[in-house]
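Residues per chain, in single letters:
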Amino acid sequence: MNRPLSAVAGGVTGIAVMTLLLLFLEVETRSNLAIFEAVARFAGMPGNVTLGFLLFLLAGVFAWPLAFMALEQYIPGGPDPATRGMVLAVALWVVFVLTGRGDLSGGLLAIYVIFTLLAHLCYGFLLGAVYGRLTSESPVEADRYDPTDVSQ
Amino acid sequence: MDVISVLTEIPGLLVATWVLLGLAIYAGYRQNWQLRSVAADGGYLSGLGFESEKPTGLFRWLTTVDHKDIGVLYVVFATGAALWGATDAMMIRTELFTAGTDVWSAETYNALFTTHGLTMLFFFVTPAFTGLANYFIPILVGADDMSFPRINAIAFWLLPPAFFLVRGGLITEVMGKMLASVGVHWELLFSLRPPTIGWTLYAPRSIIVTNPQVDLVLLGLHLSGLATIMASINIIVTIFTERDEGVTWANLDIFSWTLLTTSGIVLFAFPVLGSALLMLIADRNFGTTFFAVDGGGPILWQHLFWFFGHPEVYILVLPAFGLVSLILPKFAGRKLFGFKFIVYSTLAIGVLSFGVWAHHMFSTGMDPRLRASFMAVSLAIAIPSAVKTFNWMATLWGGNVRWATPQIFCVGGIMTFIVGGVTGVFLASIPVDLVLHDTYYVVGHFHFIVMGVITFAAFAASYYWFPLLTGRMFNRRLGRIHGYLSIVGVFVAFMPMILIGYGGLPRRSASYPGVFEALQQVSTFGAVIIGIGALIWLTNLVQSYRLGPIVTDADVWNLRESGQFSREWQWFETQLEERTKFRR
Chain X
1098 MNRPLSAVAG GVTGIAVMTL LLLFLEVETR SNLAIFEAVA RFAGMPGNVT
1148 LGFLLFLLAG VFAWPLAFMA LEQYIPGGPD PATRGMVLAV ALWVVFVLTG
1198 RGDLSGGLLA IYVIFTLLAH LCYGFLLGAV YGRLTSESPV EADRYDPTDV
1248 SQ
Chain Z
20 MDVISVLTEI PGLLVATWVL LGLAIYAGYR QNWQLRSVAA DGGYLSGLGF
70 ESEKPTGLFR WLTTVDHKDI GVLYVVFATG AALWGATDAM MIRTELFTAG
120 TDVWSAETYN ALFTTHGLTM LFFFVTPAFT GLANYFIPIL VGADDMSFPR
170 INAIAFWLLP PAFFLVRGGL ITEVMGKMLA SVGVHWELLF SLRPPTIGWT
220 LYAPRSIIVT NPQVDLVLLG LHLSGLATIM ASINIIVTIF TERDEGVTWA
270 NLDIFSWTLL TTSGIVLFAF PVLGSALLML IADRNFGTTF FAVDGGGPIL
320 WQHLFWFFGH PEVYILVLPA FGLVSLILPK FAGRKLFGFK FIVYSTLAIG
370 VLSFGVWAHH MFSTGMDPRL RASFMAVSLA IAIPSAVKTF NWMATLWGGN
420 VRWATPQIFC VGGIMTFIVG GVTGVFLASI PVDLVLHDTY YVVGHFHFIV
470 MGVITFAAFA ASYYWFPLLT GRMFNRRLGR IHGYLSIVGV FVAFMPMILI
520 GYGGLPRRSA SYPGVFEALQ QVSTFGAVII GIGALIWLTN LVQSYRLGPI
570 VTDADVWNLR ESGQFSREWQ WFETQLEERT KFRR
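Heads up: the sequence lines are chains X and Z, in that order.
All letters in the first sequence, in the order written, are residues 1098 to 1249 by my numbering.
All letters in the second sequence, in the order written, are residues 20 to 603 by my numbering.
Calculated from the structure, these hints are not laboratory results.
One should not assume that every hint holds.
Under 10 Å between C-beta atoms, here's a sample of chain Z residues computed to sit facing chain X [said to hold, decoys possible]: (1) 31; (2) 39; (3) 40; (4) 116; (5) 122; (6) 123; (7) 134; (8) 434.
Here a beta-carbon is modelled for each residue, glycine too, at the ideal position from N, C-alpha and C.
Chain X on its own, in the form it takes in the complex (with noise of 0.2 Å):
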């Protein structure tokens, strides 16, 4: 497939994932955190729920995943593209804690640190995995198994 569309495939599955996980954060904390009116104000539409998120849709499904595809090689944790699509969530997960935390604080804080960052990496993570897989066309072989070396 080519690089740009492998690259949205990436993005489409990173995104449904990251927003499954997001709505069971919001509904498992009784949402205390808010997630959407932080994703609202993230995407510089503070209030409004609806269109934050749309934008939200969007740079997940086109411009993160196609700046990706163009930063691939510099983006340190290569050459498994996977991990390099961790690198790059996390990078944005700062952003995100940044400008999204609102007036949490203590416990709520912590939650909304450590949750919003392990869904960023699962979006990374599918966003490298589903493009190095899509536009890979000389699979390589993996190392083989040697039960003798323990230096491992």
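Model the placement of chain Z on the given structure of chain X, informed by the hints.
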């Protein structure tokens, strides 16, 4: 204005987009604006492509009746449920970090410990071990498949709906939220609130609570019970009727023995739970009085529930014992010491487990003679448990112990089981129980077993059989780190609970006196260690499944030299030969 508040003023999307755009332009400039046509990474296909008669993709997993596929489905389902239940646990620990009720509301806290218990017991441990049984028992006894492959598939596919019913409020609320995010408000979807009645569903509270979600919980538990019974019948019939000629009762492996016993317990315990649940549903909805004060009384619920509930404890722990008995000798370089006595102790636990239920009810004011008899049986069940522990130690004695990841988890599991078991012996004594009943001591005691030996055995199995399941090897250093982190984490998380219990703090309360705060914080710290370990495990297994070194020799663990290259590995060897024959 500080930096953070400046950042919150500007939309993060804008910041991130501009930064990425700038970097992308720079990257394009560096690459002379040419799109590469060949993947730089060289591709990450599984490298294990081989011919198969099975359909491909999603269709395969939805229609499969192959015991191996169903085993994998079970294990994946159990992992998902475990991670979800772990989220509950981390949220419980967050609330308990401080003495006041200041993170969640008390209702949310009650819902958290209820769903944590139900999820972990019914949808993590039981499916995880049923999955391993599905995959390995036919291989270990030399059968082609389980006796009833289609019932096997049905038994699995009842579990996801059961799980969704039990945690139903969440699902409908997610749907409600999704609709709300596009501007549609449907109040009905928000009417199911998470249950707050505790996993033991004690009457009369479970009857009085008006939340309709409780009815769904009861139906979901009933459904999961049906699934468990079906799976157990399948395991029993498979072991009895499908054994290969070479597999006799005398040389049946220890894992199959424990699963056989477990399934026997299920056969007697789960129907009682099912019936009791139906009575409770009738009490809630049709005005019957099975568990009302003017009917059978709330104590009747406790009798019926614990007649199921205590054997359930052994349904959870016996497969774990089986796994420890199976894996430990392989890394000790010796045969399991006292194999016969381990089998006998398993059977003894299976029988005795039905004679101990009322030790959960010592403080309800039962007749003292009845209480004393249950105390005697509860103390007696420590004997077969100790037989196992001493046999494991004797197996290690003088053996050539290799500290591979599965072994770390097995020995760690024995350690935590000793602590969990000995604290249990004290609880079995009526006078001690009257003091410690419903305190954190009880929570600490059973978590040493459920988070200790049960989960450790599941982790040990996940590492031990990983090469067989995926054809690849995991990262052994990460595995060892996970092992040591988990052992430390369990002691740091649950030892303070034992102490808090000695201090007399009742469980199941969102707030508590300030004197317990330091110990609660240590406990939370331990939970975080366990959580980090679990994330390392998940990362390790997912990445090793994709990229780990490929296994070409079936003797991954050097079992041949100690004569323990058992049936599943011999089977794996023939599989590997066929794979190389058909590899594309």
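Right, here's what the structure says about each hint:
no.	hint	in the structure
1	31	holds (3 Å)
2	39	holds (4 Å)
3	40	holds (7 Å)
4	116	holds (6 Å)
5	122	holds (4 Å)
6	123	holds (7 Å)
7	134	holds (9 Å)
8	434	violated (24 Å)
In this structure, the one hint that does not hold is number 8.
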